[in-house]
Structure formats: C-alpha cells, structure tokens
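Novice: Residue-level listing of the chains:
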Amino acid sequence: MTCAIIQCRHLTSALRCAIGFALSLVFISSPSASAQERASQQVLHLANDGILPGSILDSAQSGQIRWKSPLFTHPFEFPLSSISMAQFPTRVPRPEPGGEYCLELTGGDVLYGDISELSDASLSVTTAHAGTVHINRSDVQRIYRWKETSLIYLGPGGLDDWSQTLNGEASTDAWSSDGGWPRTASPNASLFGTFSIPARSAIEFELSWNDLPDFEFVLGADSGLDVSGLPIGNARATKTDDAFRFEVWDDTVVVMGESERDADVAEVTPVVSGPGGVRVQLYLDQEKQRLSIYSSNGQQKASLKLHSRIPKTRGSLRLSNRKGDIRLTHLRIANWDGILPRKVQTDKSRIHQTDGTIVYGQITGFDQAARAFTLLNDGSTIEVNAATVSDVFLSPIPTAPIATDSTPDTADPLPDTSEPVDFSKVVRIAYLDGSRFSGTFNGIEQGHVLLSCPSIREPLKLPLDGLRSIGQQLSKSKVEFKATAAGLAGRLEIDGLKLPGRLVDGAEQPDGSCLVWHPDYSVNSSPLAKNLAGRIVYRDPPKPVVKSTVGVQQGNGVAIRINQRKPAIQGFGEVFKQLLTGPLPPTQRPRVKAAQTLHLRSGDTIPCDVVSVDEDGLHFTTPLSSATFIAHDRIKGVELAGRTGSPTLDATKRERLLTLPRLQKGSPPTHLIYSSNGDFLRGRLIAMNEHALTVEVRLSNREIPRERVSQVIWLHSDELTPVEKQQPEDIADSTPGDSAGTEGTAETVSVVPKPEVSAVVASANDNKHQPEPVSTDATRVQTVIRNSDRLTFLATRLTGSTLSGSSDILGDCQADLSEIDQLLFGNYIEQAAAQLAYHRWKLHYAMEPKFVLAGSDGSGGGVMSGTDSPLVGQAAPDFNLAQLTGDDFRLSDHRGEIIVLDFWATWCSPCLQTMPLVDEVVEDFADHKVRLLAVNMEEQPAEIKSTLERHKLDVPVVLDMDGVAAARYSVTSIPQTVVIDREGNVARLFVGGGPKLAGPLRKALEELTGTVPESAKETAN
Amino acid sequence: MKNVDSSRVATFVLLGWILLVHSTLAKAQPPNARIGEAVPRDVREIYDKGLQFLVKSQSENGDWSGGQTGPGVTGLGLMVLLASGEDPNFGQYSSSVRKAVRSLIGNQDSSTGYLGNSMYHHGFGMLGLAEAYGAVDDRRVWTEGKKGRSIGASLELAVRAALTSQKSNSMGAWRYSPGSTDADTSVSGSVLVGLLAARNAGIEVPDTAIDKAISYYTKMTAPSGQVAYAGGIGGFDESLARISIATLVYSISKRKDLPQFKSTLGYLVNKVEFTGNSGFGWVNYQRYYQAQALFQGDVDAWERWNKLLIRQLKTTQLPNGSFPGQHGDAVSTSMSLLALALNYRFLPIYER
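Heads up: the sequence lines are chains Z and E, in that order. The opening residue of the first sequence carries number 1 in my numbering; numbering runs sequentially from there. The opening residue of the second sequence carries number 10001 in my numbering; numbering runs sequentially from there.
The reader is advised that the hints may include incorrect statements.
[As the list claims (entries may be wrong)] Only part of the chain Z face toward chain E is listed, based on derived beta-carbon distances under 7 Å: (1) Trp336; (2) Ile339; (3) Leu340; (4) Gly666; (5) Ser667; (6) Arg698; (7) Ser865; (8) Asp868; (9) Glu938.
[Stated by the list, open to error] Under the rule of at most 20 Å between Cα atoms (straight-line distance), these lysine to aspartate or glutamate pairs were calculated in the DMTMM-like manner: (10) Z:Lys665 with E:Glu10086; (11) E:Lys10307 with Z:Asp251; (12) Z:Lys323 with Z:Glu260.
Calculated from the structure, these hints are not laboratory results. Glycine residues also receive a C-beta, built at the ideal position from the N, C-alpha and C atoms.
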C-alpha cells in the first residue's frame, strides 16, 4: 500500500499563502441555472454575512470600497477589511480566456496570455486584462497550453455551484463563502456539486483546515439530489459507497474505495493539531474503477483499483464535514485521455510535450519569432517547438503550501520587499474567463481596480468589465465589529438584501424614507429609498415548535415527547401601551382593556368594543384613539368573545367549508360566522347591534343572538382563488392554542425566507387587496410584537428609538423600537399579512366539472379531448343522405377516407363561426384523403344555399332532412364535429365549436394521417 | 362533485344554528309585492342606465346588431322599453318603441306569419308584439312612409305561424326550424310564452295548442324537478334556465295544479341562492326566466332571489349601461333588464 504525504503546516511565502491558491472561479461548465439567476447583479457580501446588491463606485482610498445600492439614497463606504466578496454578474456564455498559455503562479494567481519573453528573472506575458506584464520567474509554478486541455471546471468561487445540507436537511447557511472558498465548521454539513464529471477525468483539489479535520470528500458521487430535487443528506450517502473518497481515519487522511466485492485504501497524509491541508492531482477512471493519486509536482503517490460488477459513472462531488472545520480552496476538473503521466523527475525543470515525451533541462528562453522554448541540457541547447508543448515546469515545485486563516500571523511576508504587508488591503480578483490576480488593493479608478501584485513587476490596472469577484480572505481578528452608530441592532431584509445594522435618527424626505439605515461596518448611513418593501428584524422568532404533542421517532419505536406550545398570552394593553400614544404622555398611557378584537386585512389588530355593523362597515370604540369606524373592505375578522385566536377546524372540513360551489360563483358568501360552541355559518353579515347579528343565509335574513357568536371572519371576493392555486397551507388547520390569533411561529418564519432566496414570497395574487396608496411624505410601516400584535401607520420620523407617525384609523402613533420584534414596511406588510391565520380563511372555487373545462357548451376554457363520447372507438353509424348538389352520399362507400362530419344549421351562429375553421383544418389535409361533410339538420336547400352564399362558405353539404343521421350520432347540441377514420370508426367526437376546436381537430387529423401539413408547420413557426 | 359536497357541508353546519336563529321569513311581508311600492334605488339606476344603452344602440331600422340580430332581439328590446313605465306613445322612449314595432312587423313573412330567423326569434318577437298590443297606438306607429300591418294583425299572424308549426311537430311543441319534427324545451318556451301572452292580450289561441305544449313539458319534467332539453336525447340536468321555463309556462297557463309545477318550483326555490354561471350556458338567459318563474311561482322566493339579482347586476353592468354576454350586448342587456323589470311589473306578462 502506498502512502503519500502532501501536507503544509509550515507556511512560507507569506502573501502567496495569504491570498491562497484558489481565489475565485471559472465556470467552464454551467452547473445550474439558479446560480446564474442569482449572479445576475453586483452583490456585496460582508464579513457579517450581510448581502447588499448594488454597484461598486470609484474610490481613491485604498482601504475602502464605495458601494451604491438602488435601495438607498446614498452610497456606503465599507472598510476593505469588512468585505467578504464583491460579486459581479455572470455572463452566458462565459467568456473564453485570451492567449495561448495559462500560467499558474505559486500564490494561486492564474494568468492567460501569450508569452513574449523568458529570462532568468522574469517572464513577459501579454494578457487581456493587464496588458503586457513581467512576472517573477520564481513565482511561476506551471505553464500549460490551455487549449490543449479540455477544462471542465476551475474554482471554487463561492457557493453558487453547490447545494448544501445540514444533518441531511437542505440548508442555506451550513456553509459560508470565505472569500470564494466554501467553508464550514458545522458538524454534518455537506456540499454537493454537479460538474458532469466524465468517466475519465483529471481532478486536482486542495482542502485546508484550521485544526484537526474530519471530513469525507467523495469523487463521482450521485447527483446529490433526490427525485424531488432536494439535496440528499448524509443519511442517504450510502448510495455512493462504491465511489472513491478521501476521508479522515483518526489522524490520517486516506483515500479509499469499496465495492460489493472488494476494497482498497491508501494513506494520503497524517493530520496533526493546528492548521493544515492537502493538495493532490487525481486521475479517475470510473469505468475501470481506477484512481491514481499524484502529488502536485507530478509524482505518483498511490493507485486504487476496484472490481465492482456494475461500474457507475457519476458526475458529482460531495464534501462532508463530520466535525472540526474544512475549506475547499482549489478544484480543477478536466477531461482525461486515460493515459497516466509518465514517470517524471520532479526535481528538474522540464517541458512535457503533447506526445507524452518529456524534455529535461534548464529552460533558458522563449524565441517569440520562432515560437520555441530553448533549454540547456548538458551544455547543449535544445529548441522545443511551442506547438508541441503541453506543460512547462520552470523549476521544481515545492511542497504545496496550504493557506489557512492563520497565515498572516505565521507566515513570512513578501520575500522580496521590505515593505510590511497590510493584509487588510489584500484582495483577490477573479475574472469570468478564469484569470485571477491577487495583491494590495489601491482603489477603484475610472472603472478599473488598482492592484499591486507581488509576483508582477508592474502595478496593475484591471478593468471591472468581465470581473467575477473581488474577494478577501478574512481572519477573525479583522472582522471584529464595534458599533459606531447609536441605535438598536437589527437586520434589514429586502428582496435580495440582508444587512445587519441599525436605524438611526431620520425624518421623511422627498427623496428618501425616514428609515435611515446604518449598516454595521459602514462608515456612513443612508435613508432607504422610497416605496420599498421589506422588514427589519430585531428579534428572530423562536424556533419552530412541532405541533403534535407526541411524536414517534421512526426506526427505533421510541416515543418522544415534543414541547407543547404554551399559550403566548400578550394583552393588547401592553402592546399598545408601548406602541401608541394619544394625548397622554407615555408614562400615563392606559392599559388597554377591550372586550373585542378587530383584525384588519393589513394584519393590524385593534382592541375595541364593537358597537354595530351596517352596510358601510363596522362601528367601534377603542381606548387607543377616537376612531369609531372602519369600512368592510379593510376588515378581516373580529373576535367578539375575548381573544381566542383564529378558529380551528379539521383540515378536510375546513377545505369543504371554504369551497365555493360552481353555481354560487355569482354570489359568494361574504362572512363566516363562528359560534361560541364551534359551529360555522357561511352567509352575509347584513347588520349587527348590541343584541344580535342579522345574517343573510340562502337569501333569507336571520337573526342570531350576539352572545352566541364568537367571531366573524370577512370573506372578500378578491381573495377567491381557483382550486388549482390552493397551497397546502391554505387549507391546513391553524395552530390551536395560539391566543394571539395568528399562525404559529413556524409558518411565519417560512414565509419570510432569507433574503438571498427572496425576502418576500407571497405574490400579489395571494392577496389582491390593494395596499394603502403610496404616500410621498411618509413611510408605511407595521410594528410586529411576538409575531401577533401588529399596528400599521405612516411613519414620518425616528428619534432615538421612537418611531412616530399617524394611522388613518387610530390617529397619531408612536412605536418604541426596543419593544418590537419586527418592523415591516411597504407592501411587505400585505404580503406578510396574507400568511396570518385569519387571512388564510378565504374561499376557493370548486373544481369545475370536466364538461365545463372542455368547453362543451362553448363557454368553457379547457382543451377539448374529443374522446369522451361513448361513440368514440365504435363503428361510425352509416347513413345515406342527399347532397346539396343532388347526389347521394353513403358513408360506407368512403372507407379508406377520413371523413369529418360537421353537424350544423343555418340558425346556429356558433356553427357558422366554426364551419370555416373546420374547413380550413380539413383543407390542410386534403392531400391525405380527408373530406369534410357539413350535415345540415332539417332545413330546406334554398335556405341553406342562401346562408352559405351570405357567409361565403363553400363546403359539401348533405341534408339530414329527417334528423336520422343526427340521432345516430347522438347530436344533442350543435355544432358537433365527428372524425371518422379510414376503417370507418369514430375517432373523435367534439361537441361545441369556436377557436378551441381547431387545435384538437388538427391534432386528431395529424394522428390519423401520420403527417403534419406544411401549412401547420408554418403556423407553428 | 365538489360543489355538491360543500353545499352539504354548509347544510350540515347550518344545522347547528337552527335552534339559535329566529327566521324572519315567516312574518316577512315583501315590501314591494304590491304595485305602487317604491322600487329600490339600485333597480332604478341599473334599469335606467341599461335602457339608455339600448336606446342608443338601436338602429334606425328599429333592430339591434353587434351580436345576435333578428326579431327575437327586437322583441326583447321592445319589452324593455315597454317595461320602463314610460308612456309608449308619448313618453321619452316612444320613438324607440315605434321603431322596434315597425321592425318586427316589417320583417314578418306576410303569408306565413313567421317573424324570422328561427322559432326562438319568432317566440320572443311574438311576445314583444303581444306586450305592445293594446299599449302602443297603431295610428302612431306608421305615421312615416308606408303603412304596415297593425300590431294586432301581426300578432294574430304570428300566432297562426306558431300554431301551424306546432301542428306539424310530433312532439306538439317547437324547435328551431318552423318545420322541425322534434322539439326542445328551450325553443318551445319562447314560443309558448309568446302564445300565452298573445292569449292574455285577447288573441285567440286554442286551448288544445296550449294543452299539447304543456303536455310536452310535463313529459320533459322529471320527478326531481329537472327538465330535459330535447325529447329522447339529452336527458336531465341542472339547467336552472329550463327548470325556470317549465315553471313559468305551468304558471301562466294556469296549471299550478300539476305535480310537475310543484317539482320544478320546488327545485328552483331550493336552489334560490344558486346563481348559475357556467356549465349550463347563458346566465342572462337563465336569470330572465328565473325571475319570472320565481315571481309567478313563489313571490317570497322571488323577493329573496331579487336581492341577489340586484347585487349581481350592479357589479356586472358596464359603464355604458350594457351587460356583457356571448350573444351580444343587446340580448344580454335586454334579458338582464327584463329580469329586473319584475320590480316594476308594468308588463302584462308579469302580472300574477
């Protein structure tokens, strides 16, 4: 068994290590569409996981990045040390690198270009991004003609290409992007990447860690996705047991493979406490089940072979962290021709040629005119034609250094300069074409990054165009944050944005909101732009609580008790005492006592005493304000008998209760009356006074004693949804025992996903209720306490922690931010409200019957199948009818033809609309023995001729004078179109006409004739 | 199936309320059951707005185009004008009334009496003439240009055409073509109501003709109250339009004694809150008959249903006063307004 030890614990070459081997990525393949979607804009990633879309601005300061987001009125200035990565849009197709050669530098930089000069000290290369530059020869690790290889992937560059799991469940934050390197310290966190790895592939990877690792890196894993497209977790990893993998056994990294017949294993490197890493070159043949492992300088270290009965070719990789930490810092996947590298003298400089031969010697120069490398070997000069070159090794490659977080603290700074390196200014720049540069950031000037790269003699001026990312590897000491602005720490979330920070004092301005945000790390603050939708989270909701009180853990049969939800009783008084002030000073605010609770469509909850309901709306009194009336279209529900929360009902009964029968579409009920003993009544609340409710039920007015009614829920017609659009949660039972009257925490959390997914998921269709008109002099906000008590008002000013404004219902309002859990703003208020328990009581249409969907009466909107009639498949009833021309027509005489019968009458306008359409379709198949016959029902020839002339129709007509043919074909309404195949059987029978008929009729004729007419193709095009 | 299930649920949950609620129905007195009661403001506004649309969209020839065109459409439009309560001879719509009457009479086949297009049109045209007969002054109809037949003569001729068509029909009823041998309950409804209106207006219509047609309807009425479409084919379904037609013809032919009347009316009253919308075609057509059937059969039920009608028409009327419909704005507007016109009860056919 072979052992290969490829480890770097003693870091050298400071800056090179600091900036690492792999900086960002080149996507030669395009792993996922969603990744492209997410990467369609410039996004700034902060060290605190903040995400800020926008664009980078010129900045003269080397230690800062200026960033303008359209979501704010002013640009922010962030210290470079706080930036994890600035990500730029991807392009499809990705640009190809320029030049013939790829140069890999020892620090991880990659340059593509044409070599113009090679001396003892430097290499002159002309690149697309930096122009002609001189690179220290000693820093060039490897040169290869990149077009000779078929690169599949070079990276990694962030998490876009990977799906994540944590403990077998899909996750979005188990891994982080450490300057483009996926990294985790979470146990049981896995990454899956699908790269279309071919059967034979060359894979080079590097993993690093800060302390004792325990990981599993599987080559050729399954896709990582289950049938539903969700990542397969560790629990399912057994599917990849027969794939080769690297993993840690006690204190050793091993490579192993195992099939149903045999197993093979080899040691790769020992691991010890402290930072370390491993970098290897692999040649993987999945068909022959062979894996060869080489050191990065080309020396073979191990080889594994399996003998599985059914070898599998799998295209994915999986990296799982069992404990400790792990980071993927380099990954290069290329096609491989199956020929292993020849044995090589790794301690000598050399040129590998495309035919596999290796020419050793000191490489002394490059003749640009002759396009040849020159080598000195044993005193004689050898020229190697550049066209035959595959790889050039200028000098032996040292044992690969592995970058870790501790690099800056332990490594030797730049060897060739006396200038101390300010690591807070070191960045890594990656281009879409795979080029990578690293060095000291000197600012942004006229759309270019100014960079000093230690391996390159010239200062670089790199264009932003074509950039993929500007990243920085962070050490923990650099990202420590000290708040420089006053205010309560929170997290701003808008679609695509997540930004920890705090609100600072502000007043509504013509061009900006009174919500002024100071992101953590930022030098400055900025008002939010007008008319945004989002939220500020001050306190995350508690972890979801499983609803069932007793659950059974599958597999071991042990019953485990889950925490029961305790009623979260929070009196309105306390809530509004904190939120609202009327004329009283804050210390004298009354504890709000009210018998009833009003729930508005905006999500607001108002403690009140309901006085009455009439045609216009609801009259009430509330200790909160002098307001006394609210219109019906703003109300969602009212709790008349104390605060008991949204009613609960078995999911099936609830679904049926909320289903609107087809024949009631024109008159949907407008209210649900919920009695104290748990009964529901659908109807229309006409009026209510202190004694009784008048409810219209089946168009009769009935009076219900008010004390029998617990709640009334308003059912608004604009909430009605087709049954197919019902979401499972729409019909799910609400959470029992939630005294706040809202859904449980879990549901609410689920509808407010992390901004990188989408800050808001509820579409406008989910709640068509129009929000308040946009105010130009205020920002509409909703305070949320414990995810239940909500108050919406137009905010105009924030002073300290007090947000002030007014509500059109309740008058002046003030909210103390220290008391609230979330502050919603803009249309997000409605989107969040749509998910509340009361708002999920909404009607949906019953499923339409098939005949309506098929449009049999001409009014439906579905597709006509033409196959529902019992006549289909039966022998077509024969008839012998006179034609309008005088000749007879006997159906049975026309076997071998496809006959289309169109039953019609002159008085039938749908028939006259349909006939030309049928004629047109049939005409397209005229060359295939398809014939139309318009069967007129019981009318006189003169009348028929007159109608045909008037409508300019020229179709063959037969006269069903006595209606016999119509009876035989079960004609109950017209138009009816019957297609009879060449064998004389009914192939289709369509009832009804109009444009919907043409498509299915054409399809039927295409099937029967086995052809698609040219005219149809033209139409399709 | 789902709608049926959910209605059962609604019924089920209703049970829990039976003991709680006090029905006001038993002691309710329909507020406008007697002529002279104030017509609700919504009704007046809807009707006036729709009427303006019809007046404006009527052609100089007296008919309406833009969808279905013909004597049936003209007859319906004429009834809307007459039902407005305005004086047909001197009121603000008298010119429109005369134009519509001239159109009907002018297009009538002078030898057969057939009003044209189909027996549907013939029936509705005949109904229009019957409602105009005795109300519209013939001397004012033909003051311009050529003289035409009188309304009475034209109506009599139309009745004769309908009777002739019925005689040749084995079912004793009517279908689209005057010479059809089979029948359907929809076409027959338009003709039979036209005949009954003519008889009410004083034109002689033999009892045997009415009896034969009513007999056809009784055969087409299922014990459940559902009414089949065409004899021998089609079967029964939940067409509230056809159930309403049957109820109406039983009522105005004074055959409320028939068990079929009880079953069709029972069906309608039981589904009084069902507006219908899809699956059985044309909601305006359904409302047109549903209004009359409920009014003639059970005025309390009509009272309840009428609230729903007003609510629906209020929300569906377009800004120009019309109501959209697949057979053209004139037809759907006329039928919608005629359903509403029961609130006025100016038309003789609406008398109970």
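Novice: Hints first: check each against the structure and report whether it holds.
Specialist: Here is what the structure says about each hint:
no. : hint                     : verdict
1   : Trp336                   : violated, 59 Å
2   : Ile339                   : violated, 67 Å
3   : Leu340                   : violated, 67 Å
4   : Gly666                   : holds, 3 Å
5   : Ser667                   : holds, 5 Å
6   : Arg698                   : holds, 5 Å
7   : Ser865                   : violated, 17 Å
8   : Asp868                   : violated, 15 Å
9   : Glu938                   : holds, 6 Å
10  : Z:Lys665 with E:Glu10086 : violated, 35 Å
11  : E:Lys10307 with Z:Asp251 : violated, 84 Å
12  : Z:Lys323 with Z:Glu260   : violated, 28 Å
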